[in-house]
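Quick note, the sequences are listed as chains D and S, same order.
For the first sequence, my numbering assigns the number 983 to the initial residue and increments by one for each residue that follows.
For the second sequence, my numbering assigns the number 18 to the initial residue and increments by one for each residue that follows.
Take the hints with a grain of salt, since some may be wrong.
Unchecked claim - Partial chain S-side listing against chain D, Cβ under 7 Å, derived:
#1 158
#2 317
#3 322
#4 324
Hints listed in this document are in silico derivations from the structure and should not be mistaken for laboratory results.
Ideal Cβ positions, reconstructed from N, Cα and C, are used throughout, including at glycine.
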Amino acid sequence: MEKEVLAILENILGEDLSNQMDDNYFDNGLMDSMATVDLVLALQDKFGINVPVSEFDRSKWDTPNKVIERVKELADN
Amino acid sequence: MVNFFGNAIPNLQPYSDPQYFVYLLIAVMPLAIGLYYGKRFKIYETIFSIVFIVLMFTNDKLGQGVALIAYIIWQLLVVGVYHQYRIRKNNSLIFYLATFLSIVPLSIVKIMPTVDHGAQSIIGFLGISYLTFRAVGMIMEMRDGVQKDFHWWPFLRFMVFMPTISSGPIDRYRRFEKDYDHVPDRDKYVTMVGKAVQYIFLGFLYKFILAYFLGTIMLPEAKQMAISAGKGLSWPLLYVMYTYGFDLFFDFAGYSLFAVAISYLMGIETPMNFKQPFKSKNLKEFWNRWHISLSFWFRDFVFMRMVFVMKKRRLFKKSTTYSSVAYVLNMLLMGFWHGVTWYYIAYGLFHGLGLMINDWWLRFKRKHLKWLKPNWFTQGIAIFLTFHVVMISFLLFSGFLNVLWFVKK
Chain D
983 MEKEVLAILE NILGEDLSNQ MDDNYFDNGL MDSMATVDLV LALQDKFGIN VPVSEFDRSK
1043 WDTPNKVIER VKELADN
Chain S
18 MVNFFGNAIP NLQPYSDPQY FVYLLIAVMP LAIGLYYGKR FKIYETIFSI VFIVLMFTND
78 KLGQGVALIA YIIWQLLVVG VYHQYRIRKN NSLIFYLATF LSIVPLSIVK IMPTVDHGAQ
138 SIIGFLGISY LTFRAVGMIM EMRDGVQKDF HWWPFLRFMV FMPTISSGPI DRYRRFEKDY
198 DHVPDRDKYV TMVGKAVQYI FLGFLYKFIL AYFLGTIMLP EAKQMAISAG KGLSWPLLYV
258 MYTYGFDLFF DFAGYSLFAV AISYLMGIET PMNFKQPFKS KNLKEFWNRW HISLSFWFRD
318 FVFMRMVFVM KKRRLFKKST TYSSVAYVLN MLLMGFWHGV TWYYIAYGLF HGLGLMINDW
378 WLRFKRKHLK WLKPNWFTQG IAIFLTFHVV MISFLLFSGF LNVLWFVKK
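So here's chain D without its partners, still in its complex pose (with noise of 0.2 Å):
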């Protein structure tokens, strides 16, 4: 699910975001609203899981890790 997770993110983001996974990625400007409903939707495809976009706090999803994080979270619920 981790690689899983990161293809999406690259995909989006256009970078292998492996070796920076606890990098805010928000801060260095890569991912920006557009970026983040593109992630809630492949999300979505991929996992099955709902994010609505008003819930999307920033500061928890704004790194790799914290991404998977959340993904098995929500995906165990």
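Dock chain S against chain D, hints included.
Frame of chain D; chain S shown alone:
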């Protein structure tokens, strides 16, 4: 308007003069002492809030006060009934209807002056926009299923939170409630009080010194000079542009600092509204630093939702079309929100197109100008350009061009 109270009861507009702070700080003192000892005096806080809100609407503002009460009842009904419905069902049409009903009063207030020769609607009051943002945000979060409960008293407390009632910053219900339910520990509260003191003094500098000097002394003179210089581009017009732009910033940023400071004293961490906007290197960054609580509100509740819906339905072929369309619609809506006049709408359109061009440039740079590494020179140019694009947009926003070009003298 009949004056029921005579002049025995004063009218206090929030943060309008230094004297207001004397009253406010004395009244907030018991709350601060309580919070220092780990207690939130909820009854005292309610009385304190009601008194200061009532004092905003005394004497000739009484009509506005009545409008505020009617407005609050309206929003309680709309949000409350939608909540009852949302527990059982989730039809899109009902969601749109609830959102529409929640926006109706604000729309009337904004459209009325345009269709009725500048007459102000009687249902308007100071702060109606900011209250509307809070109510609509609530409805959208209920729709998304992240806001599950609704209690009228906490909702009311959030809607009319005294420090931010008239001009924001626009907080979010769940964030606000979390602060309200938890008294900060002593170390944290002492830090908040320290910040509050700093913000109040910075606010004094911004609002009562700089904005006073720029707005009351320099701007009228600059406008006179520009009008005598004629309708075209002139040096005095540039002078108006800079003076107005800085006045707008210092006035509003000062006001927001006061609102945040008083919130901190009450143990609520209302979000900051400005983060040194004039050092932004592009327009996108500017909107992350200017009137932040508003632009984030639009980002989360308008822009993101719009992009989400459009992408889900695969409306366009090119992925960049989504952001372009969403930028322009989002900023146009923000323009309309300021008021239905050509210059507010033009201001919105200007920023929508500006963000579109900005995005296009960022993509172009990433693709074709990889060798271009940021240094002090390129960053200097970027800041200079962004600053001037913003200043031109503020000149448009000021409505002065309307006076200069279209008002018969």
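These are the hints, each one checked on the structure:
1. 158: holds (5 Å)
2. 317: With a minimum Cβ separation of about 6 Å from chain D (threshold 7 Å), the hint on residue 317 of chain S holds.
3. 322: holds (6 Å)
4. 324: holds (5 Å)
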